[in-house]
Amino acid sequence: MGCYPLFQCRDWRALPEDLEELSEMADAPVAVSLVADPLGDHDPDLLARAFPDVARPFKEHYLVDLAQDPSVFVHPHNRRNARKAGRHFQVEICPRPLEHLEEWLRLYRALCKRHGITGLSAFSREAFKHQLAVPRTVLMRATDSGGDTVAMLLWYVRDDQAWYHLGATDERGYHDGGAANALMWEALAHFRRQGMKRLNLGGAAGIAPRLDDGLARFKAGWSN
Numbered sequence: 543m544g545c546y547p548l549f550q551c552r553d554w555r556a557l558p559e560d561l562e563e564l565s566e567m568a569d570a571p572v573a574v575s576l577v578a579d580p581l582g583d584h585d586p587d588l589l590a591r592a593f594p595d596v597a598r599p600f601k602e603h604y605l606v607d608l609a610q611d612p613s614v615f616v617h618p619h620n621r622r623n624a625r626k627a628g629r630h631f632q633v634e635i636c637p638r639p640l641e642h643l644e645e646w647l648r649l650y651r652a653l654c655k656r657h658g659i660t661g662l663s664a665f666s667r668e669a670f671k672h673q674l675a676v677p678r679t680v681l682m683r684a685t686d687s688g689g690d691t692v693a694m695l696l697w698y699v700r701d702d703q704a705w706y707h708l709g710a711t712d713e714r715g716y717h718d719g720g721a722a723n724a725l726m727w728e729a730l731a732h733f734r735r736q737g738m739k740r741l742n743l744g745g746a747a748g749i750a751p752r753l754d755d756g757l758a759r760f761k762a763g764w765s766n
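The sequence shown begins at 543 in the numbering used here and counts up by one.
Rather than coming from a laboratory, the hints here were simulated on the basis of the structure.
The beta carbon of each residue, even a glycine, is placed where N, CA and C say it ideally should be.
Do not take every clue at face value.
[Claimed, not checked] Computed Cβ-Cβ distance ranges for the label pairs, DEER-style:
| id | residue 1 | residue 2 | range |
| --- | --- | --- | --- |
| 1 | E559 | H617 | 39 to 49 Å |
| 2 | Q550 | R656 | 22 to 32 Å |
| 3 | E602 | R656 | 18 to 28 Å |
Working from the sequences, and respecting the hints, build out all of it.
Okay, structure coming up:
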């Protein structure tokens, strides 16, 4: 298994042929399934040819078009919280993400405990070592007045697009406007300065997501 959480490829037009070749292998798999990246260069017809048995929408994703100034489209509630959090937390980009592995593990384990995250989504230490080593990974952290890290966001970048992968906050980071709001505000500003065109914030949590849950509302407030 692989391709978590989204499948990407450089040449989507070649995907049907690649999958057809799989079926001709001596040790051919009995089934192949994937979630196509919403920012990929594909359309419903191409995916239907690649997956003649089942090809259907899975989740709605929240996207950001950075041609528009975030101060125009970010929800007023999120902007207020970001301003408040900015007075209590310092935000920075970590130039060498792998050096912050232990900080990230501490925050993510707290997240798993808070939300009962288990199985594949809980990830191992070894898995995160690989994730933080991916080229062009952007790891952002928020620190409190004492210099302690209270929240982090993990992004992946390719070409002129970026994907929000994971975020984690400890108990201190939920106060004073929420450190995640300060991080997300700075993320939009950072990627806009870098010339990024689109961001994918992902969708709601779970296999059968509800668009009114907390994570969905948070992402919707940052997207346009």
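Checklist entry - Of the hints stated earlier, which fail here? => result No hint contradicted; all consistent.
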